[in-house]
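Just so you know, the protein sequences line up as chains C and U, in that order. Take the first sequence: its letters are residues 1040 to 1368, numbered as in my numbering. Take the second sequence: its letters are residues 1040 to 1368, numbered as in my numbering.
If you are wondering where the hints come from, they were derived from the structure by calculation, not from laboratory data. There could be a bad hint or two in this list.
Since the list can't tell identical chains apart, any single copy or any two copies may satisfy a pair.
In silico DSSO-like cross-links for lysine-lysine, where the CA-CA straight-line distance does not exceed 30 angstroms [what the hints assert, rightly or not]:
#, residue 1, residue 2
1, LYS1160, LYS1145
2, LYS1254, LYS1342
3, LYS1180, LYS1085
4, LYS1252, LYS1219
Chain by chain, the residues:
2 protein chains.
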Amino acid sequence: MKIKLTKLARTFALVASALQVVHAADPLPSWNDTAPKKAIIAFVEKVTKAGSPDFVPEPERIATFDNDGTLWAEQPMYFQLRFALDRVKALASQHPEWKTKPPFSKLLSTPKEENVAVSEKELMEIIMAAHAGITTEEFNKIVSDWIASAKHPKTGKLYTEMVYQPMLELLAYLRANGFKTFIVSGGGIEFMRPWTEKVYGIPPEQVIGSSGKLKFEMRDGRPVLMKLPEVSFVDDKAGKPVGIQLHIGRRPIAAFGNSDGDLQMLQWTTAGSGARLALIVHHDDAAREWAYDRKSRIGTLDKAWDEAVARGWTVVSMKEDWKRVFPFE
Amino acid sequence: MKIKLTKLARTFALVASALQVVHAADPLPSWNDTAPKKAIIAFVEKVTKAGSPDFVPEPERIATFDNDGTLWAEQPMYFQLRFALDRVKALASQHPEWKTKPPFSKLLSTPKEENVAVSEKELMEIIMAAHAGITTEEFNKIVSDWIASAKHPKTGKLYTEMVYQPMLELLAYLRANGFKTFIVSGGGIEFMRPWTEKVYGIPPEQVIGSSGKLKFEMRDGRPVLMKLPEVSFVDDKAGKPVGIQLHIGRRPIAAFGNSDGDLQMLQWTTAGSGARLALIVHHDDAAREWAYDRKSRIGTLDKAWDEAVARGWTVVSMKEDWKRVFPFE
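Could you build the full structure based on these sequences and the hints that come with them?
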């Protein structure tokens, strides 16, 4: 019995020291010790400290993240657009009319799709054609297969490898401090869900995105949800606070974005009472990633940048504030 | 040191015995030891037993519950309709035209509203008038005030006291076994969220319901979400699997309802592979609650009952299977 108790005491001591190590270790090792990292840590310590005037109970520790350009890259085109183009090509033989019907004809006749100029309306038409007319289960399978094999044209990496290491650490750090992390993206909700749990640790029920209409029906006696070629919800710009309200039903206390598409989410988040964190990732690292902002066609950062400066939101320079960009570096 | 270790050992022994007590205690004390209770426990033990062929990993343990008639009562009228009627009365002085305009005129001139016959279209008109034109925050406040004070006409209890004790135990039992519990109700999502966390332990982000359109706008420089008088989504019947897919993004393994409005949710849940639990609460206890089913105007249980019998779903007789109905009994 004595030996057992000694063992027990030793185990306790080990556990206690392991806990101390965890506590002492840098939770954000890929972040330089510059202002953004300090702002994040100060915010988290403030809202999690019991008795502090800024303390926030766990259920209210909601953090929302944009995806394209915030958690993973978005150049030279949104990865979902690349997926849609691959689908259009795969489906082309079943749609001979596409050879002469824009925007499909433009896509199918241009070798490098990133140079094809498509309007927003045409883009929606392409995505609808690529994503509708099948069941949610079939679509899930198609996305899962594509995401496991398609490679980025510049890096040759899987798209799920083109995620930002500092943001993965930030997600984990927030969750370790009792936050519930959500994606709030203009991207398709059904396009993200098959892989966000594995890649970001964010389960499908915490993914908010744009969506097409679904229809419940019986097919050979089995219920299915058919994806209809009709837009139901666009989770971008003023749509983001609406998506947050619809899916979460309470206001985030922290929000993370990179473009004007995130402005309203940041406004909505910071308009609540108590401590708030609003953070914008600025793509200014042409060597390790891409450099683009006010004039970019993708991920325009203009109005949101001005408002960030005016209101003291945290702006992250990928070049100055991140030690590492991608996990594979 | 020796004393300390002895204390430690004693504490350990206490904790261990407390855990055994928790394990041995009946998790569903308000359920009689009849078939439904046995089916629930057998299902939970099967899907949580590591190594069992029916084992389901925690993130996939999704359980969905209808609200009206499944978690709380729905007679003599849906509680939300009572709320809407109270709103119409409160707003009547601002709308003199309602005195002569149906359906408002009918409501305002009838002393006992439960006797007013309104069509579904009229009902929607009433709800829209009662719920729109204000911000989500204002609406939240109005609901919170109402739910804290309005009394049920028959029992004189608060509406949140008219919840089913056996279902509260079931929610807690499932969560203690790693399930995530969701509400999937035809009721308004913004009507339920202000109180579901306190009453059922279900946070707002796990509440799915019918919704009106929202619009993000700036009001005196502050962002608000305005409730528009336009239906966005009806989370009933074939809408329930759609709502589940939109909000959860994976199929439940257990679903609980009481009426034909839940049929498609039960079909969708049971059509997945692996162990599934589908349960219907049958209101057959006129003494302790109400007795109604096939011919009822509210909570019609007809087709879903037939399908439950044909497919071996669990049907709960409130009279036979529940020791207690309401917590206040």
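Verification of the supplied hints:
1. LYS1160 to LYS1145: Within one copy only: 14 angstroms inside a chain, 47 angstroms across chains, cut-off 30 angstroms.
2. LYS1254 to LYS1342: Cα proximity of LYS1254 and LYS1342: across copies only (20 angstroms, versus 38 angstroms in one copy).
3. LYS1180 to LYS1085: Cα proximity of LYS1180 and LYS1085: across copies only (28 angstroms, versus 43 angstroms in one copy).
4. LYS1252 to LYS1219: both (27 angstroms within a copy, 26 angstroms between copies)
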